[in-house]
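Assemble chain B onto chain A, guided by the hints.
Number of protein chains: 2
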Amino acid sequence: MEDILPQQSTSWQNMISTARCVFNSFGYHEIILPVAERTEVFTRTLGDSSDIVNKEMYTFEDKKGRSLTLRPEGTASVVRAVIEHGLLSSGNTVKVFYIGPMFRYERPQKGRKRQFYQMGVEFFGARSYYSDCDAVLCMSEICKKLDIPIVIKINTLGCKSCLVKYTEFIKKSLTNKQDDLCKDCATRIKSNILRVFDCKNKNCKNILKDITPIYEMVCDKDKQQFTSFKDVLNKFDVTFVEDRTLVRGLDYYSGIIYEAYIKDYNSDAVSGGGRYNDLVSIMGGPQTPSVGFAIGIDRLIEYKNDSSKKEIDVFLVSLGPSALHKNFELLITLRNLGFSAEMEYEEKSPKSQFRKANSFNAKYVVVRGEDEIKKDIIKIKDMATGHEKEIKENQLKTVLSNKT
Amino acid sequence: MEDILPQQSTSWQNMISTARCVFNSFGYHEIILPVAERTEVFTRTLGDSSDIVNKEMYTFEDKKGRSLTLRPEGTASVVRAVIEHGLLSSGNTVKVFYIGPMFRYERPQKGRKRQFYQMGVEFFGARSYYSDCDAVLCMSEICKKLDIPIVIKINTLGCKSCLVKYTEFIKKSLTNKQDDLCKDCATRIKSNILRVFDCKNKNCKNILKDITPIYEMVCDKDKQQFTSFKDVLNKFDVTFVEDRTLVRGLDYYSGIIYEAYIKDYNSDAVSGGGRYNDLVSIMGGPQTPSVGFAIGIDRLIEYKNDSSKKEIDVFLVSLGPSALHKNFELLITLRNLGFSAEMEYEEKSPKSQFRKANSFNAKYVVVRGEDEIKKDIIKIKDMATGHEKEIKENQLKTVLSNKT
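One line per chain: the protein sequences are A and B, in this order.
One point on numbering: in the working numbering, the residue at position 176 of the first sequence is 1373, and numbering is uninterrupted.
One point on numbering: in the working numbering, the residue at position 323 of the second sequence is 1520, and numbering is uninterrupted.
Bound conformation, chain A alone:
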């Protein structure tokens, strides 16, 4: 698990607040949930056979012996919460977003940390393809505002009956090829067979490329929805490609699904999502068609690798104890006026104090010693030009305002 130090935290917070604005403008409201949930919240939603549930969860018992798990993703907790708080009374649409840490026990590598940050939305009571569009356009707008060029892979898994039919079909197609598949895929045939399409094994890929992909077999109505969905993406200049073998790693998806990748950047998906019409009822809530997506914040940060420089408006240099005292009062006054101000809090040499001012990237340095106090002035140095002048303390606000 990694620390995010002050140098990086600024770009992290900028990203979050940009996303928060877009979420709000798309009508999503924030929900803040516990990082730990009862374990069954995840085993019931993600599927017993998923890698997450089997290998990657941080699970432990609380002092009463209840099994808790640090959330590996956001959707399951959100669904648990909206059901528990009765937000899904019939016909209601509920649009929420979340931002926060998630936890998976994986081998740490570039872009994959054990504590990582995701933000995402869930749109409950979302029947028409407009709601799929609403979600994708929101995700796309966030990346646009963040100046991150993405391409979105899209596909449709069709409705539940399409999915059932296709599962039968592919089971049959793979029956006599079982021995050629890798060990993981052999297991997948019994649990969630669609995931064989996620396999990176060359042999498996070879076998699968000859099998009719799910898209070809979905019903006309689902194809029509998918076409309308694409029309809207085109209308709003969203860059996408159709990927007819795209499935998603979790059990709960059906209908339109998608994954976003950063253009010309070699990395995993930065975002993924889709429709999940049955998850709410599986979790004990009313039948509620829903869509949602999540964005991996760490990966976006990594891409941006923000080089924004910290700087402050003014640094106060004090020569002698009276100056230290007067400067401290000035410091607080400046901050209350909205300027970023710093000083050396101990009696130190001018040289050491100027060094510190530089390390803060101060735009101005104020110097005050016995002389200045006697003359009731302060010295101010513009650090960009090197220009120095004497002013009255009450002129400082004007000087700083002109620059900032």
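Don't take every hint at face value.
Since the list gives no way to pick out one identical chain from another, each pair is judged satisfied if it fits inside one copy or across any two copies.
[Unchecked claim] Calculated lysine-lysine pairs in the BS3-like style (CA-CA distance at most 30 Å, straight line):
no., residue 1, residue 2
1, K1342, K1560
2, K1418, K1545
3, K1260, K1310
4, K1420, K1523
5, K1369, K1357
6, K1427, K1342
7, K1594, K1342
8, K1427, K1594
9, K1523, K1594
10, K1460, K1402
11, K1418, K1548
12, K1545, K1432
13, K1420, K1432
14, K1357, K1374
15, K1368, K1387
Hints were generated in silico from the structure; no laboratory data involved.
Same frame as chain A, but now just chain B:
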């Protein structure tokens, strides 16, 4: 562990962003840390005998058998991080703040949750009393900006040698009263004796009120620092009271300490902090005088119980499929212009759509049906006045801008 639903999350986020501005203006930079740490990070810093370590930690093993704990407070993790990343090279001052969830296994009650949120600062390399002032004034400014009236209890525990002397003194004073103290205090005598002053037991309180409090026994230099500290608080109109029996619940404090309470509001402290000159070296870093405080966010929220009303700029009502399609495009266009806009994504009756517009507290409702499409206009209704008129779609931006 509680969910924070959309209705509350707005006031929560407003609070956070106000605090973030004040932290930044006081020169503190954000650090974002894992919610779980190796268990020894907390046992070494909080003291083996503290209630937190003994009864309240969520501790569990990861898949490699290492003991991890969900952080019960922020300071220990921050100290671990600044040492690990080598930020404390000699003479450096480091000022950081954190905001995030903390975890304690307590009986849930008003203002005490098992997952709760804290924000706080740590100022490393802070020798003079100005740094104590810097922290307290920052805390006070946050409450002022949030319009939360507080009173701050202050005290000084003196330097390390004062503390050692006083510990000896009180041990002696309590020797023959041991049997009259409660069971917890009897244990405290052996572990951290100062905590007897935190005891709520009547008997214990009675015994302790006759014992010279620590403040009376600190050395002149520490008293002088404390006086200078109070002078600054007075100067900046911070409301405080001296509480000569104030100690803090954690082992690591020395010097000036404080706790903030909301005025005329019956609750526990909303903030607390103080000086901890030895903690960094105990954790294996260089000797680094430091100060810090934490604020409990849940308690502030509870006090504010914010009644801010959600509302949106415009809701789009569609009569028929073509209108639905045109309105969806208008919806996205409006959002991209910065307006908050919503619509019904399914074909529904006008009545049901207006009901929804009301539930969103829409300032305006746009209505579009076959008639409007034919005439190439839209109808717009001002929901405050009930006034309705027909306009061209491209006039909508101007109408909305005049109101918002």
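Taking each numbered hint in turn, which are not upheld by the structure, reported in ascending numerical order? Hint check: nothing fails, all pass.
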